[in-house]
Structures are given as structure tokens and as C-alpha cells.
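Build out the structure end to end from the sequences listed, making use of the hints.
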Amino acid sequence: MTKQQPPPHGRFPDVKWHERLNVLNVSLVIFLVAVVFSSPALQGSGRDLDYLGNFLRFAGNFFPPDFSVTGVVLLALVETFQMAVMATFFAVILSFPLAAAGAQTVSPKWLVVTARMIMNLIRTIPSLIWALIAVAVVGANSLAGVIALTFYSTGYLGKFFSDAFESVDVQIAKSLRAIGADPVQAFQHGMWPHAKPLVWSYSLWMLEYNIRSAAIVGIVGAGGIGVQLFFYQDYQMWDKFATVLIFILALVTLLDFLGEWIRKKVTNRMNRRALAE
Amino acid sequence: MLTIWNKVTPRVPLPERVDGIGDVAGTVDEKPHLSIRNLGIRRGGRWLVRNLNLEIPRGEFVAVVGPSGAGKTSLLACLAGMLEPAEGEVEYHCNKGCRHRPLDFRRRTGIIFQNFMLTPNNTVLSNVLCGRVGRYSCLRTLFGFPYSDKREAFSILNDLGLGDYLYRWAVEISGGEQQRTAIARALFQEPELFLADEPVSNLDAYLSGRVLGILRQEASLRRRTVFCVLHNPDLVDRFADKALSIDPGKPEGWRLRDVH
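Residue numbers (numbering that gives the first Met the number 0), protein chains in the order written: chain E, 0 to 276; chain Z, 0 to 259.
Source of the hints: derived by calculation from the structure; they are not laboratory data.
Predicted, not measured: the structure shown is a model, and the values here were computed from it.
The reader is advised that the hints may include incorrect statements.
[To be verified] Computed cross-link-like contacts, DMTMM-like style, restricted to lysine to aspartate or glutamate with a CA-CA straight-line distance of at most 20 Å:
{"hint": "1", "chain 1": "E", "residue 1": "K173", "chain 2": "Z", "residue 2": "D103"}
{"hint": "2", "chain 1": "E", "residue 1": "K264", "chain 2": "Z", "residue 2": "E171"}
{"hint": "3", "chain 1": "E", "residue 1": "K195", "chain 2": "Z", "residue 2": "D103"}
{"hint": "4", "chain 1": "E", "residue 1": "K263", "chain 2": "Z", "residue 2": "D103"}
{"hint": "5", "chain 1": "E", "residue 1": "K173", "chain 2": "E", "residue 2": "D162"}
{"hint": "6", "chain 1": "E", "residue 1": "K173", "chain 2": "Z", "residue 2": "E83"}
Encoded structure:
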């Protein structure tokens, strides 16, 4: 057992109080202050209501779900799925150049700022508003839904994709440039293989998200299962409403599992060496 | 075929006529392939190299030696045009007498990076094919490289003992195999100039000899200039024509000696 060495300067170097004031700690404190400040939002109507009773009475309307409408719901669900698929497809195509323009590692500064501003603008407008605009333009049908969801998801996918491009190590693309690749080739061979699994996984997530959104945009008449949802809600047919929800849940869960499975396959392959060691 | 590389002695007499590869082949060079004039490299506020003057003829194997941090990688980066020198210039001469800056010479520069710079989740074959990105337009390579290129890449990989790993991802193979993939990419490119940064750091004695033998042969038989960072003095003696040693303490203390 060796004799314990004293620290080189004799005193243990403590962290000074002002050194603890980093961005993380300060913003955490500000958030906690904001929580206290926001407590008035919890105020209800002020009347003495039986919250639990209200909830149970309303939730009771949903049970048992009325499966007699299964056929209609399935048809609407297929239409919703088609809307979501088309919207995701167009959104991927549209957001791709937008994302490349918005990635700091790919584009010059002015283009990044412009592209990000466009994407922020698109994201700011909720899908329901996009749907209202689309219905006003092409009428109340599934095309309106596709248009609405396309715009809406372009804003999101553009953001996700440009994050994916930025997460890729640019050194490899630079090294390809050094042996004569043009910018497109450097992107295709140096960055794209790395970004591809991320892009695909985000696209699948968007598809799943679009199915959920498609249920919402249907409320303003943009086709799909939302029309059913709105109709049953309007006529207070909560048992049929519950059936619709169950089917949406089933489809979304299915896609979620599928996406998870694909993600796992890809990451497993990328980490195989790390796991083996 | 596998053993041929090994038997190549470092001093192969120059054949009269070189096999016809591009514009490299078969002319008598009056001009040096590469001239470095008054080159100074400055990084992190200190000079790594200063007043470096070199004239390297075509087909010369130059070993770059020196301790870590001496600026060997920075020198290669300067030659590749990836790093702008603080002063002086690097110039390449083609056979017809034209002169190029490193940036215009990119397509003809094959680089073996110290950390390989392979695309991790791309196949070994695709990584090697990337050596020839400079030859084709982006439209031509958008949906893959020509089939003849694939066969050629395969034969190079086969020679380096990687024939079975064609469709493995680069992350899935070992460090030594990745290094050989990077070497295969440079060889497949068929450049006029090789810039190899410690190309045998992860390889055993047998493979080191083989890889350097290949580079030696590229220099001797095909008149390609090789700049190779090496740490092992035995390998320098066995394979290099000249050794450029860089001194980390003295930026102007570089020395070029003939290896005999």
C-alpha cells in the first residue's frame, strides 16, 4: 500500500459558485420560475363540479364500442392510409431539397437561413389550417387532405432531414472532395449512406403521424376517417366513435412496430462491431 | 497472383515502355512531377515546416518521417490541396508541360488517410468504387458505377485479401481490413500521385510488406509518385527512394536524403 500523495496545490479545487451558472442550470431555474408564474392556468370555471363523475359518465358513452360500422370504418381507414401515404411521399420529395438547403454542413449560410425560415413558416401553420385552405381550393375531398398533409409534413420532414444531414461526419465528404468528387457525388457517397437510415426512419414516423393527422383534417371535410369521426361526434354516437378510435389505434400501433423493427435492424447492423467487442 | 506482390524487390529496373495507363504512360519527363517552393505550414500558432523546397521527379517513392506532431499529415494535406499553406506553393506538372495547383489536381491524387475516411455504413465495394468519383459526372454515378469498374475493384480487393468482404459494411470489418479497403480505393483510382498517411499502421509485417510492395511497384513500373508517411525505418530502407525527415522543433530543419 503506497502512501497517499497530497494534491499538487494542497487544496482540493472547489467549483466556484459563479461557475455553476451555466446555460443549463440557469435555464432550468428560469423554467421552474415560469412554472410558478403559470399556475393561474390551472384555474377552472370556479364552480363546484363533480370532475370524476363527469368523466365517468362521458367515458361510459364509449362502451361498448359499436362494431356494426366496421365495414364503413375500414373503407374510410383505407382512404386515410392512402392520403397519408401520398402526403408522405410528396413531402419526402419536397422536403429533400429544402433539407439539403437548410443543413449547415451542406449549404452556404444565406441559403440555410432562407430554407429554415421557409420550413419554420410551414410548421407554424397547423395542419387544420392547411386543410381549411386546401378544402377552399380543391373542395371537400381526399385530395384536399393530401395537399394539407403534404405541406404540413414538409415543414417537419425538412427540419428532421436537415438535422440528419448535419449529424453526419462531414470529414468523409470532404475527403471525397479531395480525390476529385463534385459536390453531388460527395453528398451521395459521403453523406447519404449515413443519413439514409435516419431519413427512412423519420419518413416512417411521418407516415404514422400523417395517419393520425389525417383523422383530424377530415373534420373540416378533407376526406378520410376524420369525416366519420366528425360525423359520429356531431350526432353523439360515442359507441361508433370508439370503434373508429380503436381502428386508428390499431393501424398506428402496427406502423409504430414496423418502424421500430426497421430502426432496430439498421442500428444493430451499424453497432454490430461495437457489440462484438 | 497473391505472392507476386511480395516477391517484387524494391529496386525494380525501369522498363522502357510503361503499360498504357492514361496520360501517365510512356513519355520521358524533363520536368519534375511535383515542385514545392518555399512552403511554410503554420498550424495552431506555430510553424510546422518552413522554407521547404523540393523537386520530386515522376515515379519517385518519398518516405516522410518524423515524430508525432511534426507536421507530416499537414504536409500531405497541403499536397492534396486540403490545407492552404501559410506561404509558398505546391505545383504539379503534367507530361505536356502544363502546371496545376493541388486543387486542380484532385482527380489525379489518390489519398490513403490516416483514419481511412471510409463511409461507415456503405459496402466495402462501394467505398472502393468511390476512388473513381472524379472520373465520372454525378449523373453517371447517380445509379452506380460501370460494371467493368466493379470487376476491377473486385480484383484489387481480391489481391489484398478482401474478396470475401465485398458486400460487408465498412463498420463491420476490422481496423486492418478497413485500412486495406482505403488502400484499395486509392489503387483503384489509378492516380498519378499517391499520398499515403501511415498506410500500414494497422497491418502486420506480412501485409505491410505487401502493401508497400504494391506502392513501390506503382512507382517503379507505372511511374507514379508516392508520398508515404512511415514510422518504421526498416520499411523506409526497404521501399523508399528518398526520405524526407521533418523535425518538430525546427521548422526549417527538414532534410531530404537518398535511401540506399
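Each hint, compared with the structure:
1. For the hint linking E:K173 to Z:D103, the alpha-carbon distance of about 15 Å falls within 20 Å, and the restraint holds.
2. Distance restraint check for E:K264 and Z:E171: the Cα-Cα separation of roughly 14 Å lies within the 20 Å cut-off, and the hinted pair is therefore satisfied.
3. A C-alpha spacing of about 31 Å is found between E:K195 and Z:D103, which places the hinted pair above 20 Å, so the restraint is violated.
4. Distance check on the hinted pair: E:K263 and Z:D103 sit about 43 Å apart at the alpha-carbon level, beyond 20 Å; violated.
5. Note on E:K173 and E:D162: the hinted pairing holds, with a Cα-Cα distance of about 19 Å set against a maximum of 20 Å.
6. Of the supplied pair hints, the one linking E:K173 and Z:E83 holds, its CA atoms being roughly 14 Å apart against a limit of 20 Å.
Hint compliance for this structure: hints 3 and 4 are broken, all remaining hints hold.
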